[in-house]
Amino acid sequence: MIREKRILLRYSGVIDPWSIDDYIDAGGYRALAMALAGTPGRIVEEVVASGLRGRGGAGFPTGTKKQAAAGKDDGTIRYVVCNADEGEPGTFKDRAIMESNPHLLIEGMIIAAYGIGADMGYIYIRGEYYDSISRLQHAIDQAHERGYLGNDILGSGFSFNTEIRPGAGSYLCGEELTLLESLEGKRGYPRIKPPFPAEKGLWDIPTLVNNVETLANLPGIIEHGSSWFRLSGTERTPGTKIFSVCGDVNRPGCYEADAGVILDDLINDLAGGTRDGKPWKAVLLGGAAGTFVPYSCRDLSLCYERLKEQCATLGSGAVIVAGSERKLILLMQSILRFFRHESCGKCVPCRIGTTIIHEQSLEIPGAGHEERLSFLEGMVDHARQMAKSSLCPLGQSPILPLETLQRHFTETIATE
Amino acid sequence: MDQQEIFTRFSPDRTNLLAILHAIQDSHPQNYLTEESLKAVAGHLRVNLSWVYGVAGYYSMFSLEPRGRYIIRVCNSPVCSMMGSSGIIEELDSMLGIKAGETTPDGLFTVEEVECLGICDVAPAMMVNRKVYGNLTRKSLESLLDELRKEQNGQK
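Just so you know, the sequences run in chain order A and B. No gaps in the numbering here: position 312 of the first sequence is 312 in the working numbering, and each next residue is one more. No gaps in the numbering here: position 7 of the second sequence is 7 in the working numbering, and each next residue is one more.
Possibly wrong hints are sitting among the right ones.
[As the list claims (entries may be wrong)] Straight line, CA to CA, 20 Å or less: simulated SDA-like cross-link-like pairs of lysine to any residue:
no.: 1; chain 1: A; residue 1: Lys72; chain 2: A; residue 2: Gly38
no.: 2; chain 1: B; residue 1: Lys99; chain 2: B; residue 2: Val122
no.: 3; chain 1: A; residue 1: Lys327; chain 2: A; residue 2: Pro294
no.: 4; chain 1: A; residue 1: Lys72; chain 2: A; residue 2: Gly27
no.: 5; chain 1: A; residue 1: Lys186; chain 2: A; residue 2: Trp203
no.: 6; chain 1: A; residue 1: Lys346; chain 2: B; residue 2: Leu141
no.: 7; chain 1: A; residue 1: Lys327; chain 2: A; residue 2: Lys388
no.: 8; chain 1: A; residue 1: Lys186; chain 2: B; residue 2: Thr15
no.: 9; chain 1: A; residue 1: Lys186; chain 2: B; residue 2: Ala100
no.: 10; chain 1: A; residue 1: Lys186; chain 2: B; residue 2: Ser50
no.: 11; chain 1: A; residue 1: Lys308; chain 2: A; residue 2: Lys327
no.: 12; chain 1: B; residue 1: Lys131; chain 2: B; residue 2: Pro105
no.: 13; chain 1: B; residue 1: Lys131; chain 2: A; residue 2: Gly253
no.: 14; chain 1: A; residue 1: Lys327; chain 2: A; residue 2: Arg407
no.: 15; chain 1: A; residue 1: Lys186; chain 2: B; residue 2: Gly84
no.: 16; chain 1: A; residue 1: Lys308; chain 2: A; residue 2: Ser374
no.: 17; chain 1: A; residue 1: Lys200; chain 2: A; residue 2: Asp74
no.: 18; chain 1: A; residue 1: Lys72; chain 2: A; residue 2: Gly117
no.: 19; chain 1: A; residue 1: Lys327; chain 2: B; residue 2: Gly84
no.: 20; chain 1: B; residue 1: Lys131; chain 2: A; residue 2: Lys346
no.: 21; chain 1: A; residue 1: Lys186; chain 2: B; residue 2: Leu64
no.: 22; chain 1: A; residue 1: Lys278; chain 2: A; residue 2: Lys308
no.: 23; chain 1: A; residue 1: Lys186; chain 2: B; residue 2: Lys39
no.: 24; chain 1: A; residue 1: Lys388; chain 2: A; residue 2: Thr355
no.: 25; chain 1: A; residue 1: Lys186; chain 2: B; residue 2: Lys150
no.: 26; chain 1: B; residue 1: Lys131; chain 2: B; residue 2: Leu141
no.: 27; chain 1: A; residue 1: Lys186; chain 2: B; residue 2: Ser63
no.: 28; chain 1: B; residue 1: Lys150; chain 2: B; residue 2: Val122
no.: 29; chain 1: B; residue 1: Lys131; chain 2: A; residue 2: Pro294
no.: 30; chain 1: A; residue 1: Lys186; chain 2: B; residue 2: Arg130
no.: 31; chain 1: A; residue 1: Lys346; chain 2: B; residue 2: Leu148
no.: 32; chain 1: B; residue 1: Lys131; chain 2: A; residue 2: Gln137
no.: 33; chain 1: B; residue 1: Lys131; chain 2: A; residue 2: Asp131
[As the list claims (entries may be wrong)] Sample of chain B residues at the chain A side, in silico, Cβ under 7 Å:
no.: 34; residue: Glu36
no.: 35; residue: Leu49
no.: 36; residue: Gly84
[What the hints assert, rightly or not] If you anchor each label on the Cβ, the simulated ranges turn out as follows:
no.: 37; chain 1: B; residue 1: Asp93; chain 2: A; residue 2: Met34; range: 53 to 61 Å
no.: 38; chain 1: A; residue 1: Val348; chain 2: B; residue 2: Ser60; range: 48 to 56 Å
no.: 39; chain 1: B; residue 1: Leu64; chain 2: A; residue 2: Trp18; range: 43 to 51 Å
no.: 40; chain 1: A; residue 1: Phe60; chain 2: B; residue 2: Asp2; range: 42 to 50 Å
These are computed hints drawn from the structure, not numbers from a lab. Think of the CB as a built atom: it goes at the ideal place given N, C-alpha and C, for glycine as much as any other residue.
Based on the provided sequences and hints, a complete structural model is requested.
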């Protein structure tokens, strides 16, 4: 029987999210003081040594991103942007952090800013997260009053301000370059990359874009050190990860555990097992832009390296459980409807492709055995072409669930 | 907040565009962005009307058509859909007589189908204006609609 390992969520539900005193009493802003006592370069070194990987979905090494954004210490202006546009279906772990402990994110953001030499930051947060927005705004105001934000923070000479910017209901804006377009007050269309945000970000200025959970890891790394951080998780995915488990489980919710936790332990021990008590049929890992895994993979360790071997993804940490009675084609249809709805229309293969594959998926339930397989084959073909010819991750995503559905569940699709 | 207060609060910085559009839309009793308001925003930010119109039309939280006082956003993304969101849309149809995208004739309710609201732990879920409602059933929907109608009558 495994238990949760709460580091990021340690004070969630324990302290009052509206009270900076509660956060300070729990040891909050100590890491910031320690960070400011050292050099910015030391922050970047510690984060590199920690092996922390971005928690937004791509798993890119955070330290490398910081090194790139810090560039040469030449005094040019830089931005830190927090990606709080949590829109991946099945994902609600950033909301858990922002609603229960908003100061943790703010402290992480100030540390990141000091590391790369930024004096201005933005938190781009999805417009529907009203509770997160009000709590974060209140926390920012309190941090200003106490001198953790603003000019000459804690007498260090370092100055930093951060402001909230709401999104307005576009999934695509969770992609970092599209997010920057949106932040500049434009339609959420993707940019061509490279250049990456570390070279040309907001207003073409070097910008560090980090996910909420990623930034929330920084205070711990700075206060306790990178080797402490590496005590959790695996060699190549150090730290804990917050998994948002939902679907056919008895206790859906956010669970923080060592990265590398066994999939079935997470479902049974933490999320209370399946609703009907029977073995689950499939898990969609990482959300709509994620991968299907069958019950035979229940011993899978949820870390980047092991999942990659199995052609699966960790993504944002969404674990969507489909119970024994679920029809997977219906789940696939809703995934494809989602992509069809969210395609921005800039790249033709994505605009047309998302519509075609969704419509094909609607044909499957009424088709015969052989016909179903050829529909599935056709959808996978289309999705593969879209992945090759689309600019941003949206057009590159439908292939992930489709290919894994075909790999593991061809017989299920043909017969269910 | 009226328009002038909104423009005082949000400086003419383009990163404020979405926040300004939200504030203006929220301040309209019919929850939408009028052409006049888009023109005023364009003037405030010193950009063309087409810019503001293009942005307002792109993002799904903004509406260029009048809507009800209560916007019911039913999540229809994969998790909620699996847990029965289409049943919720049907229930709302039978209770309010409107389909997704429509507004009741009394101007009280608009039902919208939206993508993941990030409240999958209580699927099927929806939002009414700024509030989240989860683990929806026919019964909970009925009592919620009653409550909202009472709230509205109380304010008259």
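Legend entry - Unmet hints by their number, sorted upward, for this structure: 2, 4, 6, 7, 9, 11, 12, 15, 16, 20, 22, 25, 28, 29, 30, 31, 34, 35, 36, 38, 39
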